[in-house]
Each structure stands twice: as structure tokens, then as C-alpha cells.
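Whenever a hint applies, use it, and build me the whole structure from the sequences.
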Amino acid sequence: MADIITIIVVSLYFIAMLGIGVWASKKIKNTEDYLVAGRQLGFWVFILMMIGTVCSGMSLLGVAGLGYKAGWPTIWEQIFVPLAIGICIIFFGVKLHNVAKTSGYITVQDYLAHRYESPTALRTLSAVAGIIVSLIYLVGQYTAISMVLIWLFGIPLWLALVIATLVTMVYTAIGGLYAVAWASLVQSVTLIIGVLVMAPIIIWKAGGFTAVNEFIGTVNPNLVMPWNPTGAFAPPYVVSFAILLGLGLACAPHVINNVLTVKDVKYFKWSPLIAFVIYGIVIFLLKFAGFAGLAMVKGGEIAARTGVANPTDYVILDAIQNSLPNVTLWAIFAVIVLAAVMSTTDRLMLTIGAMFSWDIYKKVLKPDADDASVLLLSKIVVVLSAIGTMILAINPPEMLAILIWMGIGTMLATFAIPLLAGLYWRGATREGALASMTLGLLAALLFGFLNYFKVNAMGIDFAAIPLHFSAYAFIISLVAMIGVSLLTKKTAEKVLDETQTGWYISK
Amino acid sequence: MFGLPDITIIAVGGVVLAITAALVYWGLTFQGHD
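One line per chain: the protein sequences are S and D, in this order.
For the first sequence, numbering that gives the first Met the number 0 begins at 0 and goes up steadily by one.
For the second sequence, numbering that gives the first Met the number 0 begins at 0 and goes up steadily by one.
The reader is advised that the hints may include incorrect statements.
[Claimed, not checked] What follows is a set of in silico ranges between Cβ atoms, one per label pair, in the way DEER data are often shown: (1) D:Gly13 - S:Leu195: 21 to 31 Å; (2) S:Lys25 - D:Ile8: 44 to 54 Å; (3) S:Leu383 - D:Pro4: 47 to 57 Å.
[Claimed, not checked] Some residues of chain S that are not near chain D, with every Cβ distance over 10 Å (derived): (4) Ile14; (5) Ala15; (6) Gly18; (7) Lys68; (8) Ile162; (9) Ile301; (10) Phe452; (11) Tyr471.
It is worth saying that the hints were derived from the structure and are not from the lab.
All of these numbers come straight from a predicted model, not from anything done at the bench.
Note that beta-carbon positions come from the ideal geometry of N, C-alpha and C, so glycine has one too.
This is the structure:
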């Protein structure tokens, strides 16, 4: 068991998060307050919420774990994940925010229903698909939280999951997006300062930037190359990876809904650059801490993990334990990891709550439902999604990164084309969007399954396909949108004008 | 440099610089409106 200082530090963090939830709950007057914070978020709260939403469990544990396993060819993750914030703001956010102000959108599904003149079918499909992909993603987050609690306290997995779930669930359920946004502010600042202080210590302990590169290059020359010669992280894979992370994360429901919450569209002017620089530095340091962990393991300083399902994801925890011989600092680092994970988890749960209570219940099943019942249902769904994913996270995958990429890949194949075509192509039709979203989702689930379980069928080894599996589903989604739209009735010009559809970002 | 092959520095550095330049350009040119 952990010492008293560790328990105090982690408990204080949990109490602070619950305090934010209680404070935020007093600001909630209606569903709009709960789901989009009354569209009143300021510049830095928005930027830090975007960073907090994108920075997930993978960002601390999985990123370092992947760096440990595969070296520099995986560095593209550190470029395209921070860029996803800018892509989201520039290509989706500006137009969605402007249209949402006049049309009163609460969720992106509101936009899709309006733009494609499909108040029931596309809205329901989009919400159900959003809930499925968010749940996949959420399982990865709870796995990461429980890993940290197990490492720090030596408690069983089930207990770690229960603690993590309870705290996140309570402050999200009572405080809605105000709680998520302000918790993200605290969590992102904690994360940024913590990583800027602690990652250089790990790197220094392993011999410094140049020495680590030189050492891992002697272990395997491919580890310091920008890509692998074949297979995963070969050039074609890197291109599909860039699309996966840059575009897939940008259109993920829990990320894109953030653009509806800001007070002023002018915040979108410099936020892409600021988010790219801040988060780019943080996530690069984390990746390099993984390289340092590899140098420590190969140099015999620390032992490689055994006896756990996902050993590489523990490398940064073992490296920090080796580099900072002080249990209080471990506790602080644990809080940093918890902050990163919880800042994504809370947003995901709230997004699931919004998609179910607003898009499915209020807009499809019971249009005459009053605001109080929608608000109550949002809170109930947040609680149920937390409990459901906690149960799913009991058996974690071999590598956290794989599961989280599966979630992002499914988001890419499902949402990217209907959103991009809706915003920029006046020829995109309702039937095209339905076909694109349905086939994209099904193809992503199928290819993801075949790839994850290394199926060899029809003469194809799905474990060794040259692109990330989501790229194939993305292409199917694109072809379906173009082909079906060309054959079906066009959207009314009035709707296209109302939704500012056309080849421009802003007029 | 930094214990890395030139190709790594050029490829990674080049992409980072290009993205940064594009985001600076966006910041300088985007006016925004409500």
C-alpha cells in the first residue's frame, strides 16, 4: 500500500475535482447550460479544454509506451495529434460555430440533421455511431486511470476502476460542461507544468537527448529513423496515420462539440497555433520519455515489466520511479496522469449523455419532453456510460494505444466525410450522408476486428495491411458519399444557404 | 545532430516547420465574424 503522503496528494486532487463539480452545478439552469456551458467559454478555458480533451490516457502512458516499443518512426503521432486541434477549429469549428449561433445547435447532430434535412434518420444514426465510438474510446481511458492507481496504491484493478469511475462520474454528472471545462483548465495546467518539469528529469537521468538517441540507435538503427522500411510506420502507413490522427480526432464527437461552446469566433484566430505549440511540446517530451525508458531498460537500469497485459504502457511509470526517488513526486506524477486521463473521460461521458438525451430522446423519441426531464436524463446517461465502460475496462488490451487508435479510426470513418461534405460540398445529399456514415462505421468495425485479431482471410493477412485499417473504411465512406449523392435528390438551396455550405471557411 | 540521422531531422523538422508556418498564416489572415 502507498504511504500517507501519496494518499493525501491524490485525495486532495479528487476533492478538488468534486469541488469544481459542486461549484459548476450551481450555474446549471437548463440543458443548454449543462451541455454547451451557455456558449460562454473564454479564450484560455477553450484552448485548455481542447488540449485536455485531446490529451488522453494514451498521451501519457500509451505515447511513452509506443515510443519505448517502436522509437522515432512513431514520432508522427506527436505532430498530428496536436494538429488535430487546429484542423478541428479551422475546417469544422469556424463554420459550425457561426451557423450554430443563429440555429441554436446543442450538438453536431443538430447540424447534420439540419444540413441534410434528416431530423430523424441521420440524427439517430449519427448519435448511435457517436455513442459506440465514444464507448470504445472511453474503455481505453479507464484502463489508463486504473493502471496509475494500481501502480501507486497496489490495489486490485476492480477497486482502481471503481474509484476512478466514481470521482469522474460524480463531478461530470452534477456539473455538466461547466465542470468539464473548468476541471480541464486545472487538469491541463497541471499536465503542462508537470510534464515540462518531470519529463526532462527522466531524459536527463537516461543520459540526455543526444545520448538517448545514440543509444537506442545502437539497439536497433530503425529506432532513430523517421519511418520503418516495411509494415507498420512505413511511409504509406505514416500517411494513413496522419489522416487518422489529424482528421479522425478533429471530427471526434467529444472534440468537435467543443467548438459550439465558445463565446466569440475570434478565439479561433490564434488558438490553432497556440494549442499546436503547447501540446506539441508536451506530447513530444512524453514520447521522448518513452525513448529514455527504453534506454534505461536496455542499459539495465530498470527491468522490463512482466506479468501485466500491457507491459510497454508502464514504461513511463517505471522510468519516473527510477528517476525521482521520492514518493511524493510519484504521487504528483500520478495526479498529472490522472488529470490527463480524466480531462478526456469527463468530456466523453458528457458527449454520450448529450447524444442520448438531446439527439435521441428529445429530438426523436419524445419531442415534447420538457427541459427538466432532458437534463435529468443527461445526468443518468453520464452515470450509466461510466458504469458500463468501467465493466468493459476490466480486461484491458495488450497495448493501450491500439485500442485508442481503433476508437479514433472508427470516428474518422464514420464522421469525417459526412461533416466535410456537408460543410463544403453543396452536392452532398441526405442519402449520400446516410450511406457514407453507415458504410464507414460498418467497414471500420469490420476492418478493425480483422486487423486486431490478425485474421487471414480471402488471401489477405489483415495483420499486415499496409495502411491503418481506418484508411480503407475512410475511402469506402468517401466513395459512398460521392456515388450516392450524385444519384439522389439535392438538398434545398434555402437549407444550403442557412448552413453556409460551400467551398469557403468563412465569408 | 542530436544523435539522429539527417533524414530524421529533415523529415520531422520540415513537417513541423511547414505546419507552424501554415498556422501562423491562418492567424494573420483569419478575421472571423459572428
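Evaluated hints:
1. D:Gly13 - S:Leu195: 21 to 31 Å: holds (25 Å)
2. S:Lys25 - D:Ile8: 44 to 54 Å: For lysine 25 of chain S and isoleucine 8 of chain D the Cβ distance comes to about 53 Å; the hint holds.
3. S:Leu383 - D:Pro4: 47 to 57 Å: Holds: the Cβ-Cβ distance is about 51 Å, inside 47 to 57 Å.
4. Ile14: holds (38 Å)
5. Ala15: holds (33 Å)
6. Gly18: holds (34 Å)
7. Lys68: Correct as stated: the minimum Cβ-Cβ distance to chain D is 18 Å, above 10 Å.
8. Ile162: Fine: 39 Å to the nearest Cβ keeps isoleucine 162 of chain S off the interface.
9. Ile301: holds (21 Å)
10. Phe452: Non-interface label on phenylalanine 452 of chain S holds, nearest chain D Cβ at 33 Å vs cutoff 10 Å.
11. Tyr471: holds (24 Å)
Checked against the numbered hints given earlier, the structure satisfies every one of them.
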